[in-house]
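**Q** Protein sequence lines correspond, in order, to chains A and B. So the first sequence is residues 1 to 263, counted in full-length UniProt numbering. So the second sequence is residues 1 to 439, counted in full-length UniProt numbering.
Simulated from the structure, these hints should not be mistaken for laboratory data. Ideal placement from N, C-alpha and C gives every residue a C-beta, glycine not left out. Incorrect hints may appear among the rest.
[Said to hold, decoys possible] What follows is a set of in silico ranges between Cβ atoms, one per label pair, in the way DEER data are often shown:
#1 A/Asn29 / B/Val133: 44 to 54 Å
#2 A/Trp31 / B/Lys333: 18 to 28 Å
#3 B/Asp261 / A/Asn29: 13 to 23 Å
#4 B/Ala128 / A/Gly33: 49 to 59 Å
#5 B/Glu431 / A/Lys249: 54 to 64 Å
#6 B/Met142 / A/Lys131: 18 to 28 Å
[Claimed, not checked] Cross-link-like lysine-lysine pairs, in silico, DSSO-like; alpha carbons within 30 Å at most:
#7 A/Lys91 / B/Lys333
#8 A/Lys153 / A/Lys128
#9 A/Lys153 / A/Lys131
#10 A/Lys153 / B/Lys333
#11 B/Lys267 / A/Lys91
#12 B/Lys375 / B/Lys433
#13 A/Lys132 / B/Lys184
#14 B/Lys333 / A/Lys128
#15 A/Lys27 / B/Lys333
#16 A/Lys95 / B/Lys375
[Stated by the list, open to error] For the chain A half of the interface with chain B, some residues (derived, Cβ under 7 Å), not all of them:
#17 Tyr46
#18 Ser98
#19 His112
#20 Val126
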Amino acid sequence: MTALDTELQIDRSKLKVSDEVAVQITKMNKWFGTFHVLRDIDLTVYRGERIVIAGPSGSGKSTLIRCINRLEEHQSGKIEVDGTVLSSDLKNIDKVRSEVGMCFQHFNLFPHLTILENCTLAPIWVRKTPKKEAEETAMHFLEKVRIPEQADKYPGQLSGGQQQRVAIARSLCMRPRIMLFDEPTSALDPEMIKEVLDTMIELAQEGMTMLCVTHEMGFARQVANRVIFMDQGQIVEQNEPEEFFNNPKSDRTKLFLSQILGH
Amino acid sequence: MADMHSEADLAFVRETMLAQKEPPIAEQGALKWLRENLFSSWLNAILTVLSLLLVYWVLAHTLPWLLRGVWDAGSLAECREIRDARYGDGVDAACFAVITDRWQQLLFGFYPRELYWRPILALLCFFAAIAPVLFARVPRQMLGFTVAAPFLIFLLLWGGTIWGPLTVALGFVIGWACIAFLTKPLGRLVATIAAVLLPIIFWLFLAGPLARELGNILPIGLEPVGSKDFGGFMLSFVIGVAGIILSLPLGILLALGRQSDLFLINKVSVGFIELIRGVPLIVWLFTASLLLNYFLPPGTNFDIMLRVIIMVTLFSAAYIAEVVRGGLAALPKGQYEAADALGLDYWQSMRLIILPQALKIAIPGIVSTFIGLFKDTTLVVFIGLLDPIGLSNSIRATTDWNGIYWELFLFIGIMFWIFCFSMSRYSMYLERKLTREHR
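Pulled out of the complex, with its shape left as it was, chain B reads as follows (with noise of 0.2 Å):
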C-alpha cells in the first residue's frame, strides 16, 4: 500500500480494517490517576503537597482531642479529674460524657421517660410509609399504611383519645366522599367546592364536640402528652418531616399557580410567594408564636407547634414554588403541546406529562430547599421551643456542665449531618434512577 501515495493517484481504497490496540503502560493504572490527578503541573505538584500539610495539621490539632475523650463521669469537673489523672494537667481531651449523661434530653426534650418507647415506635412507623414512597421496589399494597400513617403517629406522639385523630380523618373521607358521588349528578367545579368547603365545615365545628363525645363514651386512647414537653430532635424531626411532607404539594401548586392564565390565581401565587420568600423566617416564627394570639378568638388553643409548622410549611412551599417553577420553564413547549394535541386535560397532562419531567429537573433545588427548612427549625429556639440548641444551653446552665461548648455542638451538628446527607445521598440515587430510566 505504500506506493498509493505517490502524487500521481490520489485514490485511496482500505482492504483491511485496522484492529485495535492496547493503550501505552503510561497512559493506564494507579500512575496514570496519580499523575493526572495530582501532579499533572508544578503548580498542581505543590498544591498537592501544601493541601495534605493542611489535612495533616487539621487532624493533628483535633484528633487527640477527639480520641482522648472521656465518656464516663457526672460532671465537667469529673471529667477533668479523670483527664488530669490520665493524661496529665490541662491535656486537651474532649468530655463526651455530657453526651452520655444528657442523650436521651437531647434526642427526646422533656417527653417522660417512661414513654420514650411512642416516639420511637413513631419513628418506626415513619420510616416504613416513607419507604414506598421513596422506592419503587417496596411493595405498592404499604401505600395503604402510608394513608394511614399520620394519624396514627400523632396518636403516638401526643397521646389522647383515638377519636382525634379519627375524626381528623373522617374529614378527609367526607371530602374524597364529595368528589366520588357528587362529580357525576353536580359537575366536577361543585363537587370540588364541596370536598374543600364539607371537611372543613366538619373539622370547625363539628369534630372537637364529636371527639369528646366519643370519648365519653368509649374512652380508648393514650396517655397525653402536651408540645411543650417536645424537644430536641424530636421536636426539629416533627416540625421538620411535616414541614417537607406538606410544603411540596403546596409548592408545587403555587407553581402551577404562578404559571397561570387566569388573573386572579396568577396573582394571588405571586403576592404569597414574593411575601413569604421576603420576609425573614425568624419573623414568620413570631408572628406564628404571639401575633396570632391577638388575631384568634380568646381562648383558642392553637397549639404552639401546630403553628410553627404552619408557618414553616408556607415558608418552605414559597422557595418549593419558585424551583419547581424553574423546572416547569426548562420543558419545551413541545411537551405540553403534544399532551395538548393529544387532547388530555390540564390536570391530566400536568400530572402525567409535565410535572414527572419538571419535577426531575427541579429535584437538587428541592432536595437544598429541604436540608434548608431542616436546619432552619433550629431557630425555633427563639420562640421558647426547646430544639437540641436550646436544650444545649439548659443543659450548660446546670452546675455539673456549666462551660461545655464543643461536645454538644458536635454531637448535634452530627446528628444534623446523617439526617441532612442521607437527603442528600437520596437525591442523588433518584436523579441517577430516573435518568437511566429517561434515557
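Next comes chain A alone, as it looks inside the complex (with noise of 0.2 Å):
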C-alpha cells in the first residue's frame, strides 16, 4: 500500500448513491477473435457510484469499461447507458459517447491543440456550443484541476500530472454524467499521482457516477463504495470496500490482494 492513503483527504459523508439506475449490464459477452475476454457480465451502475475495479492484468477490467462507451463492441448481452441501448446504431452510439467521459492510462490529448483547444473541440463541434461559452466553460474546469495557467501551452509542454488533469477537465467540458476512468494514474511517476487522485477524489464529492480501473488500492478504500474484483473476464468479487480488503471471499481475491498489499 503505497504513503498517500493516509493523505487523501475525503468526506466520506458527502458521498452519496442514488437508487436510480446510470449503467445497467446484462449477461454481456464479448470475444477477441476466440478469445473469451468477457464471460456473462452482470452489472448494475446506480447514479452517485465509485466502483474501483480490479484485478490481474488481462483479466478483462479494461475492456469491460470500454464497452460502456462502445471504444469495444460486445457481442451478446446488453448494455444500457442512461436509458440508451448500446448496437450498432451510430446515433446512440454518438449519444452515449457525449454522455460519457473517458480518461486514458496515456491521456491521449491532441498533441497538435492548445490545452484551451483540446477541452473546446468537442464541446463546439458535437455540442454546437458557441467558441466563447465553450471557452468559459473550459476556463472553468481547467481552474477546477488547477491549471488555468496552463491554457494557452501545448499538451507536450506538460508534466504527465498535469496532462492527466487536463484530460479530466477535457471530459468535464461536456458535461459527462458518467465518467470512465482506464489506469489513469498508471503511466505517471509517483510524484504526480496524487495530484490526479485529488481531482479525482473532488469529482466524487460533487456527486459524480465514477467507474476507475486502478490499482490504487488507497484511492478504492477510501473514496470507492463498491470494489468489483475480475479475474479471467469475469467478477469473482464485488463488496463495500471494507469488506473486500478486510475479510475478501474467494481464494482468488485474497492471492490478488497478498501479492499487491503485502510488501
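Work from the hints to combine the two standalone chains into their complex.
**A** Quick look at the structure:
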C-alpha cells in the first residue's frame, strides 16, 4: 500500500448514492477472435456510485469499461447507459459517448492543439456550443483541476500529472453524467499520482458517477463505495471496500490482495 | 571539506553549489569547428583534402566554359565565330545565345506572342491564390479569391467566352446548395448523393448548351487559344500544378478508403492504388492520348491536356495515398480512441484530430511525391506535347541551333530545380513551424 492513503482528504459523508440506474449491463459477453475476454457480465451502476475495478492484468477490466462507451463492441448481452441501449446504431453510440467521459492511461491529449483547444473542441463540434461559451466552460474546469495558467500551452509542454488533469477537464467540458477512468495514474511518476487522485476525489464529492480501473488501493478504500474484483473475464467478487479489503471471500481475491498489499 | 573523505565517515553534505565555468579555449570557436568537422582524424583529414581537390577539378572544368559564355548571337555558327574572335580557336565556351534567342518559346511554347500577358497574369493570380493557403500570415479574406482563381486562370490561359468557366463554377454551386438545403429535410446521405450526381448531370448535359446560348446572347470573353499551342514551362507548370492540387485531396480520400472497415470502399481503394501504381506513368499517358479515343463516343472532343492532367492526378494520388497511409499508421491508437470517446463523428475526428497530425508526419513524403510528379511532366513529350524537353528537340532541329545540347539542358534543369527546390524549402519551413507549434 502506498503512503498516499493517509494523505487523501475525503469527507465520506458527502458521498451519496441514489437508486436511479446509470448503467445496466446484463449477460454481456465479448470475444477477441476466439478468446473469450468477458463472460456473462452482470453489473448495475447507480447514479453517484464510485466503483473501483481491480484485478490482474488481462482480466478484462479495461475491456469492460471500454464497452460502456463502445470503444469495444460486445457480442452478446445488453448494455444500457442512461436509458440508451448500445447497439450498432451510430446515433445511440454518439449520444452515449457525449454523455460518458473517459480518461485514458496515456492521457491521449491532442498534441497539435493547445490545452484550451483540447477542452473546447468537443463542445464546439459535438454540442455546437458557441466558441466563447465553450472557452468559458473550459477555463472553469481548468481552474477546477488547478491549471488555468497552462491554457495556451501545448500538451507536450506539460508534465504527466498536468496532462492527466487536462484530460479530466477535457472530459468534464462535455458535462458528462458518468466518468470512466482507465488506469489514470499507471503512467505517472509517483510524485504526480496524488494531484490526479485529488482531482478525482473532488469529482466524487460532487456526486459524479465514476467507474475506475486502478491499482491505487488507497483510493479504492477511501473513495469507492464498491470494489469489483475481476479475473479471467468474470466478476469474481464485489463488496464494500471495508469488507473487500479486510474480509475477502474468494481465494483468488485473497491471493491478489496479498500480492499487491503484501510488500 | 577535504577531511570529509576519510574512510570512517561516508556521509556527505554539500553546503555551497558550484558556479558555472567557461569551457576550455580549445572547445570553442572556429578552431573547434574545423577540428571537429574537417580534421577530426587522419582519415578524415585526407578525405577533406581529397574532396577539396575534387571540387576544384569540377569547377576548373566548368567555370571557364560558363564564364566565357556568348550571350549575343543569332545562331550556333555565329556563336562560334564570336568565341574564336574573343578567346581563340576551339576554346571551351558556352553558347547561351540560344536562350536569349528562344527563351519565349521555352517558357510559353507556341502561345501567341501578343497574348503573353495572359499566362503571366495567370501566374500572378496563381501566386495570389496560393499565398493564403501556404502562409498563415496572409489575411484569410484572400481565400475567397483562392476559390475563384481556378476559373479565372482557366479563362486567362485558354480564353473563350467567360460563360464556360462560369457554368462549370455553377455546377459547384449546385453541389454546395444540395448540401446546404437538402441535408435538413432529406438527411445527410441523400444530400451527399444529390451533391455529387446533380452537378455531374448538369456538366454533362446542360453546361455546354447553356454556355453556348449565353455566349450567343452576350459574347464576352478572350481570344481562344488551343491546347496544341501550349508548350514549354507553361505546359509543365499547368499540368504539374493542376496534378498537385487535385491529387492531394484524392490521395487523402484513397488513404482513408484503404483504412476503412467498409468492405467495398476498402477493396476499391486498394484495387485502384495497386493498379495505378503498378503500371508506368508513360503507359497511362499513352492510354490518355490514344486508347481513350476508342472508348469515348466518336466526335467527343476531349482536350488532350485535360486527359493528361487526369492521368497525372490519378497516378500521383495513388502514391500520395500510400504516403498518407504511412502517416495515419504512425499515429497512436489513443488519438482515434480519444476522438471517439469525446463523441466526434468519423469525419470530424478525421478532419480535426487525425489528418492534421497524419499529414504533418507525411509532409516529407508528400512533397517528394509532388516533386516527382512535377518532373514526370516531362514525359508528356512522348505523346507529342511540347514540354521544355520537346521544345529543346525542336529548337535543335532548326538549322540555326543544330548541334546545341548543354546550354538548353542547363537552362531547363535550372528552371526545374528552382521550382522543386522551393517546394522542398517550403516543406521544411512548414515542418519546422508545425513542430514549434506542437511542442
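**Q** State for each hint whether it applies.
**A** Taking the hints in turn, this is what the structure says about them:
{"no.": "1", "hint": "A/Asn29 / B/Val133: 44 to 54 Å", "in the structure": "51 Å, holds"}
{"no.": "2", "hint": "A/Trp31 / B/Lys333: 18 to 28 Å", "in the structure": "20 Å, holds"}
{"no.": "3", "hint": "B/Asp261 / A/Asn29: 13 to 23 Å", "in the structure": "22 Å, holds"}
{"no.": "4", "hint": "B/Ala128 / A/Gly33: 49 to 59 Å", "in the structure": "56 Å, holds"}
{"no.": "5", "hint": "B/Glu431 / A/Lys249: 54 to 64 Å", "in the structure": "59 Å, holds"}
{"no.": "6", "hint": "B/Met142 / A/Lys131: 18 to 28 Å", "in the structure": "23 Å, holds"}
{"no.": "7", "hint": "A/Lys91 / B/Lys333", "in the structure": "23 Å, holds"}
{"no.": "8", "hint": "A/Lys153 / A/Lys128", "in the structure": "24 Å, holds"}
{"no.": "9", "hint": "A/Lys153 / A/Lys131", "in the structure": "18 Å, holds"}
{"no.": "10", "hint": "A/Lys153 / B/Lys333", "in the structure": "23 Å, holds"}
{"no.": "11", "hint": "B/Lys267 / A/Lys91", "in the structure": "26 Å, holds"}
{"no.": "12", "hint": "B/Lys375 / B/Lys433", "in the structure": "27 Å, holds"}
{"no.": "13", "hint": "A/Lys132 / B/Lys184", "in the structure": "26 Å, holds"}
{"no.": "14", "hint": "B/Lys333 / A/Lys128", "in the structure": "26 Å, holds"}
{"no.": "15", "hint": "A/Lys27 / B/Lys333", "in the structure": "29 Å, holds"}
{"no.": "16", "hint": "A/Lys95 / B/Lys375", "in the structure": "50 Å, violated"}
{"no.": "17", "hint": "Tyr46", "in the structure": "23 Å, violated"}
{"no.": "18", "hint": "Ser98", "in the structure": "4 Å, holds"}
{"no.": "19", "hint": "His112", "in the structure": "5 Å, holds"}
{"no.": "20", "hint": "Val126", "in the structure": "5 Å, holds"}
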